[in-house]
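**Q** Residue strings, one per chain:
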Amino acid sequence: GENVEQHPSTLSVQEGDSAVIKCTYSDSASNYFPWYKQELGKGPQLIIDIRSNVGEKKDQRIAVTLNKTAKHFSLHITETQPEDSAVYFCAASIAGRRALTFGSGTRLQVQP
Amino acid sequence: GAVVSQHPSRVICKSGTSVKIECRSLDFQATTMFWYRQFPKQSLMLMATSNEGSKATYEQGVEKDKFLINHASLTLSTLTVTSAHPEDSSFYICSASIARSYNEQFFGPGTRLTVL
Chain S
1 GENVEQHPST LSVQEGDSAV IKCTYSDSAS NYFPWYKQEL GKGPQLIIDI
51 RSNVGEKKDQ RIAVTLNKTA KHFSLHITET QPEDSAVYFC AASIAGRRAL
101 TFGSGTRLQV QP
Chain G
1 GAVVSQHPSR VICKSGTSVK IECRSLDFQA TTMFWYRQFP KQSLMLMATS
51 NEGSKATYEQ GVEKDKFLIN HASLTLSTLT VTSAHPEDSS FYICSASIAR
101 SYNEQFFGPG TRLTVL
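Going line by line, the protein sequences match chains S and G.
Heads up, the first sequence is in the working numbering, so the first residue is 1 and it goes up one at a time.
Heads up, the second sequence is in the working numbering, so the first residue is 1 and it goes up one at a time.
Please note: incorrect hints may appear among the correct ones.
Okay, derived cross-link-like pairs now, DSS-like style, lysine-lysine, Cα gap no bigger than 27 Å in a straight line [stated by the list, open to error]:
#, chain 1, residue 1, chain 2, residue 2
1, G, Lys-66, S, Lys-71
2, G, Lys-20, S, Lys-58
3, G, Lys-20, S, Lys-68
4, G, Lys-20, G, Lys-41
5, S, Lys-57, S, Lys-37
6, S, Lys-57, S, Lys-42
7, S, Lys-42, G, Lys-66
Only some residues are given here: those of chain S computed to face chain G with a beta carbon under 7 Å [what the hints assert, rightly or not]:
#, residue
8, Gly-16
9, Ala-19
10, Lys-22
11, Ser-26
12, Gly-43
13, Pro-44
14, Phe-102
Treat the hints as calculated values from the structure; they're not laboratory data.
Cβ atoms here follow ideal geometry from the backbone N, Cα and C, with glycine treated the same way.
So that you can see chain S by itself, here it is in the shape it has in the complex (with noise of 0.2 Å):
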């Protein structure tokens, strides 16, 4: 089955820098990459996702670059503000298989 490993585990940023979370997955299968930020107590929201007819994808401060031969993709967060701190997961699926295999997740910190 798939594998999606993710790193860091633990990121810390002062407010206004750039923060960058990796993600390697395993099954070339693998078509689409969403990313989710989870806040304590709350369930996971889709901030962005990639399919793998596309290797890069903006919206606003936010964006994913996917990188098929490779197998890894990227979650990329500009001018970082103190509401950004979160746990973000990536994921990947299967093509035909809608059930999404996460990473570890990574616990970002925007210090003010």
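Fit chain G to the supplied structure of chain S, relying on the hints for placement.
**A** Just chain G now, kept in the frame of chain S:
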């Protein structure tokens, strides 16, 4: 749009009792719903996938007789934890997928189960 609710948000029960958790898609029809379990500071682990009107597909290591899943309509799925024990204490999260949306899942707010 694409809102998923869960009820209850928190539940405390005694060991040996059963607990039912409801997952509802409020503004869309969900052909597929998923149930996850999350232990503190850990990732989400898929327990089972359920399609409306059919039996759920359980992940390896998840006891189907202990975690009963019913997906009776396109807007409601329930998870019943039978004969709960303290080790079943966890954060249970459901998600729902819109058939026309390519793999996209919308998550509920989660249910915190504590078994005494």
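**Q** Each hint should be assessed against the structure and marked as holding or not.
**A** How the hints compare with the structure:
Restraint check: the Cα-Cα separation between Lys-66 (chain G) and Lys-71 (chain S) comes to about 37 Å, which exceeds 27 Å; the hinted pair is violated. The straight-line distance between the Cα atoms of Lys-20 (chain G) and Lys-58 (chain S) is roughly 40 Å, outside the 27 Å bound, and the hint therefore fails. Straight-line distance between C-alpha atoms of Lys-20 (chain G) and Lys-68 (chain S) comes to about 41 Å, which puts the hinted pair past the 27 Å bound. The hinted pair formed by Lys-20 (chain G) and Lys-41 (chain G) meets the criterion: a straight-line CA distance of about 24 Å does not exceed 27 Å.
In summary, the hint linking Lys-57 (chain S) to Lys-37 (chain S) is supported, as the alpha carbons are separated by about 17 Å, within the 27 Å threshold. A distance of roughly 26 Å separates the Cα atoms of Lys-57 (chain S) and Lys-42 (chain S); the hinted pair therefore holds under the 27 Å criterion. A distance of roughly 25 Å separates the Cα atoms of Lys-42 (chain S) and Lys-66 (chain G); the hinted pair therefore holds under the 27 Å criterion. Below 7 Å, beta-carbon pairs count as interface contacts, and Gly-16 (chain S) has none with chain G, the closest being about 27 Å; its hint is therefore violated.
Because the smallest distance between the Cβ of Ala-19 (chain S) and any Cβ of chain G comes to about 19 Å, over 7 Å, the interface hint for this residue is violated. The closest approach between the C-beta of Lys-22 (chain S) and any C-beta of chain G is roughly 16 Å, which is over the 7 Å cut-off, so the hint fails. Evaluation of the Ser-26 (chain S) hint against chain G yields a violated restraint, the C-beta minimum of about 16 Å exceeding 7 Å. Of the supplied interface hints, the one on Gly-43 (chain S) holds, with its beta-carbon coming within about 4 Å of a beta-carbon of chain G, less than 7 Å.
Interface restraint check: Pro-44 (chain S) against chain G, minimum CB-CB distance 5 Å, threshold 7 Å, status holds. Here the hint on Phe-102 (chain S) is kept, as its CB sits about 5 Å from the closest CB of chain G, short of 7 Å.
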